[in-house]
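J.: Please put together the full structure from these sequences, using the hints given.
Top line first, the protein sequences correspond to chains R and W.
Note that the working numbering has the first sequence beginning at 58, numbered continuously upward.
Note that the working numbering has the second sequence beginning at 4, numbered continuously upward.
Just so you know, these hints were derived from the structure itself, not from any lab.
Every value quoted in this text rests on a predicted model; they were computed, and no experiment measured them.
Each residue gets a CB set at the ideal place from its N, CA and C atoms; glycine is no exception.
Do not rely on the hints blindly, as some may be mistaken.
Some, not all, of what chain R presents toward chain W, calculated at C-beta under 8 Å [unchecked claim]:
id, residue
1, G69
2, V75
3, V167
4, G169
5, P233
6, D280
7, T304
8, S347
9, E349
Restraint ranges, calculated between C-beta atoms of paired labels, are given here [as the list claims (entries may be wrong)]:
id, chain 1, residue 1, chain 2, residue 2, range
10, W, R152, R, L106, 51 to 57 Å
11, R, S136, W, G68, 49 to 55 Å
12, R, D96, W, R24, 41 to 47 Å
13, R, D191, W, S151, 50 to 56 Å
14, R, T273, W, E71, 51 to 57 Å
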Amino acid sequence: MLTTVQDGGRWGYQSRGVPVAGPMDRFAHRLANVIVGNDPRDATLEVTLLGPHIEFADDRLVSVTGAEFENIPSNAAFSVSPSQPLIFGRRIRGARAYVAISGGIDVPMVLGSRATHLPSAMGGLGGRALKTGDELRLGPPKGGHYRNEGTSRHVLTSVVSAFRRTESTLHILPGPQADRFAADALAILESQAYVVDPNSNRVGYRLNGPHLQSITSADIISDATPMGSIQVPASGTPILLMADCQTTGGYAKIANVISADLTIAGQLAPGDKVSFARCSLSEAVDALRSQEQILLAMEQS
Amino acid sequence: MNGHRIVPAGDSVLVLEFEERIDAILSARAAAVAEALDAAAMPGIRDVVPTYRSVAVYFDPLQTGRTELTQTLEALANQPTPERLRAHRTAIEIPVCYGGDFGPDLASVAAAAGLTETDVVALHSGVTYQVLMIGFMPGFAYLGTLDSRISVPRLTTPRPRVPRGSVGIAQQQTGVYPGDGPGGWQLIGRTPVRPFDLSRTDPFLFRAGDDVRFVSVTRSEFDQLDRSS
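T.: Put into structure tokens, the structure is as follows:
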């Protein structure tokens, strides 16, 4: 079980070596907040693979997005109370669920963010994952009731089913050091599915599959390492950098997963298969815009 | 080539790269571009990250015009090289107690260089370094350029736990570990100064482009400074 407090991420301090952290699936995190009427930047709980048992001190509106669990309605607002704890039950699909509670999780801000960065023990609840017995303060509920559940659920059903169709394919753009790899390296990356290694976490996923060899050296003069970068050390095994990755790194990056598909990447668990396919820059931006429009429409409804 | 190029790192990051080498002048140029971009406060910019010889700009592609950002980067890249970018700032002084328990690798570094420990300390503290890049962990500054006479490789097996404040050297660089953690640089001393401390108004001691000097202090001076910090 791994449950952490996450918000939109700790932006603005990468120049000082502070990683962004934040949700592995930013879309699902934001969606969860939208559904209960929270600010998009409010903190949620990121639940990995196994759901915690959560009890409440007062009545709240809750939503769970991302990974689906048998006892919990997905992508919908529902009420909890001291007599109605949240019990997840068996996981049906996806790796990470986001639990938004009206009012948001109120842990102290660290450098402008409540996000937990596990490697540097920063943010969240004491910089660590939650454990049994922890108590979390909540912000004051925003007051209003959930606005139009029926409409939003309808919109969401179509969005979520759209994701499902491409669930195991991540679209990529050639990376800043793509020219350091053999001419057919991107084609090899696309040629067959990779398997997410058990030794994968919020920092990144090791991807088992065809090796990718750089032409010269795998090492570069260290530069910035955005989430979604696919870096390749000398071993040839690609690593997809995720939310807790360092700000800089010295391995050549062959490709970057497009922003819109990080919502799919964030739902991968060890053992899952994932394929890569190139797309154009305009397709990447269009896909992101579609996601943004759904969230904005819901926020304004 | 005229010394730079702009490459994408996905749909929401552009990277301005200068020539491919580690060079204090290039790092100073990258830091200058980053500062100018921060000052410009363009809409949708999320983060500006200068590294050794590049600047990564994180932006929201739905808010920031990619063409406009590219043009801005192009203009900044062609700025005249800052003579002394950091001239308006005084060098940050880092007191270091060298050797002993604080610098477990000082003796072997001296032996490998054919020098005395005193020579190594004099060479390490005798120059002004520049923050070439910040990364690895919050507040960790890569400082260059180390005197080639005391240039040593990284440890073949990194230490699982390097204490906070340890001063290490590796290849052409030196640095201060801001927190306890694993580390592969050879440790020659320790400072009571904290490069990253969330209890301070400004938690960060270093920024890219800063000048830094190390000053040798005794163990009792170290202890006194440590108590007052």
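J.: All the hints need checking, so say for each whether the structure fits it.
T.: Hint-by-hint comparison with the structure:
no.: 1; hint: G69; in the structure: 6 Å, holds
no.: 2; hint: V75; in the structure: 5 Å, holds
no.: 3; hint: V167; in the structure: 7 Å, holds
no.: 4; hint: G169; in the structure: 12 Å, violated
no.: 5; hint: P233; in the structure: 4 Å, holds
no.: 6; hint: D280; in the structure: 4 Å, holds
no.: 7; hint: T304; in the structure: 5 Å, holds
no.: 8; hint: S347; in the structure: 11 Å, violated
no.: 9; hint: E349; in the structure: 6 Å, holds
no.: 10; hint: W:R152 with R:L106: 51 to 57 Å; in the structure: 53 Å, holds
no.: 11; hint: R:S136 with W:G68: 49 to 55 Å; in the structure: 44 Å, violated
no.: 12; hint: R:D96 with W:R24: 41 to 47 Å; in the structure: 45 Å, holds
no.: 13; hint: R:D191 with W:S151: 50 to 56 Å; in the structure: 52 Å, holds
no.: 14; hint: R:T273 with W:E71: 51 to 57 Å; in the structure: 34 Å, violated
Checked against the numbered hints above, the structure violates hints 4, 8, 11, 14; every other hint is satisfied.
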